[in-house]
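Chains as they are written, first to last, in our numbering: chain A, 75 to 189; chain B, -7 to 105.
Hints in this document: simulated from the structure, not taken from any laboratory. Hints are supplied without guarantee of correctness; some may be wrong.
[Said to hold, decoys possible] Capping the alpha-carbon separation at 16 Å, the derived lysine to aspartate or glutamate pairs in EDC-like fashion look like this:
| hint | chain 1 | residue 1 | chain 2 | residue 2 |
| --- | --- | --- | --- | --- |
| 1 | A | Lys127 | A | Glu141 |
| 2 | A | Lys83 | A | Glu98 |
| 3 | A | Lys114 | B | Glu(-3) |
| 4 | B | Lys92 | A | Glu176 |
Residue strings, one per chain:
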Amino acid sequence: DTEVTQTPKHLVMGMTNKKSLKCEQHMGHRAMYWYKQKAKKPPELMFVYSYEKLSINESVPSRFSPECPNSSLLNLHLHALQPEDSALYLCASSQTSGGAQETQYFGPGTRLLVL
Amino acid sequence: QKEVEQDPGPLSVPEGAIVSLNCTYSNSAFQYFMWYRQYSRKGPELLMYTYSSGNKEDGRFTAQVDKSSKYISLFIRDSQPSDSATYLCAMSARQGGSEKLVFGKGTKLTVNP
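Put together the whole structure using the sequences plus the hints.
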């Protein structure tokens, strides 16, 4: 099983809503990532979790709050988002993030629209 | 200068053509080089993965890395309409105790039947 799954596939929310994005992998990977991808742009790293601990936060606004309940699950909690936060949110995982040789496997993404 | 440069295209070729996609980079610490394929409205899918310099072949796909020139390529032989997608190069290195993965902008490829 080399699959990373993400739910929901699509999400429309208002600026006052609270919602969560979910990501799951069963490859035994111990590192999980959140990326944001705007149209016609490469993915931009937001957060990295390694062994369920937040190891990298790329200066992401506090309206995005990641959570890693266990080694297979990764959540991204959203609150008071802005229209410019509309994008494709990608989850990825890799074996440990302990080495640059690790490749990341991506989920299909959640397409978010903030109204 | 950006760490990874990739011509965004678009690139349009007839079915059966050989496609050449390229990236250049400036950070000599990069050691791992990847090519991802991304269909419209989907997440990136890992295609090829190469360590250091050299060639790697997988079916119709060949990845080349020339570290002396800081240049990587992906060749697609006998291109098919199903190859129409955006191709992203990505490179990684371990710097300052943390892993760094940098993507190119992506090249949009259309293979016409």
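The hints, checked one at a time:
no. : hint                 : in the structure
1   : A/Lys127 / A/Glu141  : holds, 9 Å
2   : A/Lys83 / A/Glu98    : holds, 13 Å
3   : A/Lys114 / B/Glu(-3) : holds, 15 Å
4   : B/Lys92 / A/Glu176   : holds, 10 Å
Taken one by one, the earlier hints all hold for this structure without exception.
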